[in-house]
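Oh and the sequence shown: position 166 is 148 in the numbering used here, straight run, nothing missing.
Please note that the accuracy of each hint is not assured.
As the list claims (entries may be wrong) - Computed Cβ-Cβ distance ranges for the label pairs, DEER-style:
1) Pro189 / Lys52: 22 to 30 Å
2) Pro57 / Glu141: 34 to 42 Å
3) Glu173 / Lys52: 48 to 56 Å
4) Val148 / Lys22: 24 to 32 Å
FYI, nobody ran anything at the bench for these hints, they're computed from the structure. Bear in mind the structure is a predicted one, so any value in this text is a computation, not a measurement. Even for Gly, the Cβ is constructed at its ideal location relative to N, Cα and C.
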Amino acid sequence: MNKILVAAGIFASTLSLTANASEFVVSYDGFYDRLKVMSKGDYASADVGFYLINQNANPCTIESGSIITKTNEYPLNYTKTSKLLLPFDETLDKDKALIVVQPKSGEQCQLKLQMESSQDYGDSVSLKQMAKLQTEFDDLIGRLSGFFMRTLFSFMMPEVKGVTLVFDNTVAAPMGAGDEIKCKDNRCTIESLDVEGEDKRLTFSQPIKQVIPYIAK
């Protein structure tokens, strides 16, 4: 089985959702399970982001959102990129809370779970920083997969081969970069990272928008 498909399954499982033309509804329990994994790990940078995207894979435009239980309703916090900022709350899990989002203009939205760095790097990163982040990503995938996948189907587990830096615009490899970095369109992928290796700093022509794991096919 394709390891990237396995990776997608790790994130997508247990998140039940429904949607219609006017609203997007998803149960909180699947988010809670993943937030619980994050709370038990010692991650300096690795994180899991919850995003709403449209059919073109662009951010959904959110008009409003709420977290609803049988007895209470709370405002839903989110960013301009439609990243849902959800609390880690056992009570919401026990109360079977629902996340309800009203998109603008009847947009059809779907959930995207993205492993990413929580850090803001500006326009430069060091190879040692990225090596440590790769290690955290690899550990986080293992934790999110659960005991069953790690023990019985370890050969199917996706392997993090490096990190991918995402930019707003087309970007070129920085001056002094070696063979470990390859850039195409608005992305640069760094492989062969080693926490004990050279701590070279890479400076780009624009700010880094996002850093995500690179999982080879």
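Going back to the hint list, which numbers does this structure go against?
1
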